[in-house]
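J.: Keeping the supplied structure of chain P fixed, place chain L upon it in accordance with the hints.
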Amino acid sequence: MADPAGPPPSGGTRSGRSGGNGRKGKGRAALSAGAKQERRLGWLLCAPAVLVMFAVTAYPIGYAVYLSLQRYDLRFPAQAEFVGLRNYGAVLSSPYWWDAFWVTLFVTAVSVAVELVLGMGLALVMHRTLFLRGTIRTAVLIPYGIVTVVAAFSWQYAWTPELGYLAELLPSGEAPLTEQWPALWLIILAEVWKTTPFMALLLLAGLALVPEETLKAAMVDGATPWQRFIKVMLPLMKPAILVALLFRTLDAFRIFDNIYVLTSGAHGTGSLSILGYDNLFTALNLGIGSAISVLIFLCVGIIAFTFVKLFGAAAPGAEVKR
Amino acid sequence: MVRRTRALVALTLLASALAACGGDEDSGRPTLDWYNFPDDSGALQRAADRCTEASGGRYRISYRKLPRGADGQRQQLVRRLAAEDDSMDILGLDVTWAAEFAEARWIREWTGETKRRATEGTLRVPLRTATWKDRLYAVPYNTNTQLLWYRKDLVPTPPRTWSEMLNMARGLARQGKPHYVEIQGAQYEGLTVWFNTLVNSAGGSILDPGATEPSLGPPAVRAATIMRDLADSPAADPSLPNQMEDQNRLAMESGVAAFELNYPFVYPSMKANNPRLFRHFRWAPYPRVDAGRPARPTVGGNHLAVSAHSRHPDLAFEAALCLRNRENQLTAALEGGLPPTLRALYDEPAFREAYPFSEEVLAALESGSVRPLTPAYQNVSIVISHTLSPPSAIQPEKAVGTIGEQIDEALRSEGVIP
Chain P
905 MADPAGPPPS GGTRSGRSGG NGRKGKGRAA LSAGAKQERR LGWLLCAPAV LVMFAVTAYP
965 IGYAVYLSLQ RYDLRFPAQA EFVGLRNYGA VLSSPYWWDA FWVTLFVTAV SVAVELVLGM
1025 GLALVMHRTL FLRGTIRTAV LIPYGIVTVV AAFSWQYAWT PELGYLAELL PSGEAPLTEQ
1085 WPALWLIILA EVWKTTPFMA LLLLAGLALV PEETLKAAMV DGATPWQRFI KVMLPLMKPA
1145 ILVALLFRTL DAFRIFDNIY VLTSGAHGTG SLSILGYDNL FTALNLGIGS AISVLIFLCV
1205 GIIAFTFVKL FGAAAPGAEV KR
Chain L
72 MVRRTRALVA LTLLASALAA CGGDEDSGRP TLDWYNFPDD SGALQRAADR CTEASGGRYR
132 ISYRKLPRGA DGQRQQLVRR LAAEDDSMDI LGLDVTWAAE FAEARWIREW TGETKRRATE
192 GTLRVPLRTA TWKDRLYAVP YNTNTQLLWY RKDLVPTPPR TWSEMLNMAR GLARQGKPHY
252 VEIQGAQYEG LTVWFNTLVN SAGGSILDPG ATEPSLGPPA VRAATIMRDL ADSPAADPSL
312 PNQMEDQNRL AMESGVAAFE LNYPFVYPSM KANNPRLFRH FRWAPYPRVD AGRPARPTVG
372 GNHLAVSAHS RHPDLAFEAA LCLRNRENQL TAALEGGLPP TLRALYDEPA FREAYPFSEE
432 VLAALESGSV RPLTPAYQNV SIVISHTLSP PSAIQPEKAV GTIGEQIDEA LRSEGVIP
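Each protein sequence line maps, in turn, to chains P and L.
Going letter by letter, the first sequence gives residues 905 to 1226 in the working numbering.
Going letter by letter, the second sequence gives residues 72 to 489 in the working numbering.
Here chain P stands alone, though its shape is the one from the complex (with noise of 0.2 Å):
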C-alpha cells in the first residue's frame, strides 16, 4: 500500500524562490535549468520503479488486451487469427458470464456489507478497550494472518459430511457445499470471518481521526450515545471508511482462492475470476480467457471510478484538502 506517485518535492519553485532576488532573465534560465536537471534526477532515480512497474502491470495488461482481439486456443495454434471484438461479444453473450457476474456481484455487496458492520463494531472495541489492548488487536487480526487458502480449505473440511465438525450440526444428509445458495452463504461466512479485521484496522485508522473534544462537546450538548455515532463519528470518519470500502470492494470483486477450494465453482458458485481461470487454465483458450480478463479489469475500474466520483473527494490521497 506504499503511495508509489509521491513526486519529488517541489524542489523546482524553493530553488526558483531562492534565487528570485538575483537577476533576472539571466537568473531564471540558469535557475530553470538546475530545475530541470533536479527534474531529470528526479526522473531518473524512479526510473527502474517505472521501468519494473511497465513490465510487471502494463506489459501484461497490454499482452492481456491483445489475445483478447485474436482466435487464440493453445489447443489449435494453427488457426490462431485477428478476430476483433468478437471474443467479447462471445463473452458477453454467454449465460455463464452473466451468471458468474451476478453471483460476483452478490458475494461482493453482501460480504463487504457484513464486514462494515462488524468491522465497526471490531473497531470500535478496539478503540475503546482501556486493557490488554495490544492483545486484543492481535486476537482480532489472527483470521487476516492465515493464508485464504489453507482457511478455505480448514472451513471445507468443517463443511463435508462425515468429516468436519460443522457438518456434523446439521441434519445427516446435508452437504451445504453441493447446493447453490448454502455453497454460497458459506462463501460469504469464509470471506467475511478471513477480511473483517482488515475492514476493522482500516476503521480503527479512521476512528483515530475523531477528535476526543468533538465527542465531548456533543455529549455535553446532550447527545446520546447514537447521536455521536452517526452525527459525529460517522461524518468525520467518511474518507476512512471510503478506503475502506473501496479497497474491500476491489478485492472481493475479484475472489477467487475461498471460491476455488471450497466449490471450485460447481452449483453456480463460480465468480468471474473463477470463469477466467477456467477458460484459461482448463480449456486452454486464451482468446476467450483473455477477453474476460479485460473485462474484470473493465468492471474494476468501474467500481473504481464510480466510488471516486460518487464519494467525490474522500477517495485515497484526497483527505490531506480536509
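FYI, nobody ran anything at the bench for these hints, they're computed from the structure.
Here the structure is a predicted model, which is why all the values come from computation and not from measurement.
Just so it is clear, CB atoms sit at the ideal spot from N, CA and C, and this is done for glycine as well.
Be careful, since some hints might not be right.
Facing chain L, a subset of chain P residues (Cβ under 10 Å, in silico) [claimed, not checked]:
no., residue
1, 988
2, 990
3, 1169
4, 1172
5, 1188
Rough simulated footprint, nothing fancy, chain L against chain P, three-plus residues with beta-carbon under 8 Å [claimed, not checked]:
no., region
6, 966-978
7, 992-1003
8, 1044-1058
Looking from chain L toward chain P, a few residues come up when the C-beta cut is under 10 Å (computed) [stated by the list, open to error]:
no., residue
9, 150
10, 170
11, 172
12, 229
13, 232
14, 283
15, 349
16, 450
17, 457
18, 479
19, 483
20, 489
T.: Quick look at chain L alone, frame taken from chain P:
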C-alpha cells in the same frame, strides 16, 4: 568484494544445480523424465527401475509424480509444454488428451518401427483413443471400463437392459428392499462418460467421424431420456446429483443399493470393507439400451506419449515401449489394479486369477466406445456435464439441442466454458 564472492558462489551453485537436472549427462547416460499419475502401489516405480536396468546403461528413467486429480495433471503438463520445457520426456496422458496435445504439437507422432511395436497386440479401442487424424500419437499403457455390479441376494439374474434394471429396482423398492442404482450423477466428467456410453449404446455418437461438428440426434435424446428416467424413479440414490465413483462404491458397500455401474476397483474394495456383502457381490456386462444391440461402455485409461520438446526422443520412444511391455503391464495390473492394453495378458493365468471378471472386461473393451475425439474435449465434456446436471431436471430434446449448439461453439474456440 564479499558481495562479488557471494554472487560467484551463487552462480556456481546454480550452474551445478542446472547440471544436476540433466542427470549424469557427463557419463553419457541421459535421464528420461517420466511424468505420470501418482501411483501408490509401487508398480510404476518398479517399471522405471526395470527399464533403466534393461537399457544396459543407455538411459535412466526417473518417474515423477503428477498431481492426483486429472485436471491438476493436465494443467501441469500443459503449462510446461506450452513453455517448451525440455525436461519432460515421457508423458502419461489421460485417454482424452491425445487429440488435444497432438493438435497443439506438444507430442510426437509414432511412426515406422516404433509405431509397429506400439500397435502390435494392443487392443483396438484403446489404440483409437491414442489416434488423431489417422496418426498415432501415444501408446496405450493401461485401460479401464465399467461393468454392472449387483447383489445376487436381491437380483437372481442380472438385467440385460436399462429398462429391465429400472423395473427390477422398482420391484425391490415395492418390497422395501435395497434398490438403488449407483451411478455417477455429479456434475463432472463421469456424467459425460455415462452419457457417452448411452449415446453409443443407442447406436449414435456425440461427434461426427471427422470431429468437426456434433452428431447427437435421436440416440442422444434417448440417452438423455434414460438418464432422466433413472433420476425420476425410485432407483435413484437421493445423492445422485453429487455422486462420483467413490461415493457409488461406498453406497454399495453400505448396503443401500442393489446395482452399481462402476470400474473394477470396487471389487477388491468390497472384499476388504464388507466381506458379508462380498459373498453376494456379482458382475455382469453393462446394461444395453436396446435389447438387440450390445452396450458400448466408454473406455478409459492412460497413454504414454513422447514430448515434442524432449532432448532424447528416440530413447524416450524406446523407454515408453519398455514401460508398457508385457511384464510391466502385468505388474501394474496385479499391483495397481489397472487393466492392461495388451490382448495377450487377458489369457495370462496370474491376471485371470486376480481379475475373476477379466473376460467381461475384455468383452467390454472390445465393444467399447471412445469419448469424443477432439482437441476441444475438455469443453465438450464440460458442456455435456453442465447441461445434464442434475439428471432429474433433464428435458431431453432441449438438453440435446443446447449441447449441440455449445459443442459447435467450442469447436470454433468461441465457447465460454462455465
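J.: All the hints need checking, so say for each whether the structure fits it.
T.: Going down the list of hints, with the structure as the test:
no.: 1; hint: 988; in the structure: 13 Å, violated
no.: 2; hint: 990; in the structure: 7 Å, holds
no.: 3; hint: 1169; in the structure: 8 Å, holds
no.: 4; hint: 1172; in the structure: 9 Å, holds
no.: 5; hint: 1188; in the structure: 6 Å, holds
no.: 6; hint: 966-978; in the structure: holds (count 3)
no.: 7; hint: 992-1003; in the structure: holds (count 6)
no.: 8; hint: 1044-1058; in the structure: violated (count 0)
no.: 9; hint: 150; in the structure: 8 Å, holds
no.: 10; hint: 170; in the structure: 9 Å, holds
no.: 11; hint: 172; in the structure: 9 Å, holds
no.: 12; hint: 229; in the structure: 29 Å, violated
no.: 13; hint: 232; in the structure: 31 Å, violated
no.: 14; hint: 283; in the structure: 12 Å, violated
no.: 15; hint: 349; in the structure: 23 Å, violated
no.: 16; hint: 450; in the structure: 6 Å, holds
no.: 17; hint: 457; in the structure: 9 Å, holds
no.: 18; hint: 479; in the structure: 12 Å, violated
no.: 19; hint: 483; in the structure: 8 Å, holds
no.: 20; hint: 489; in the structure: 4 Å, holds
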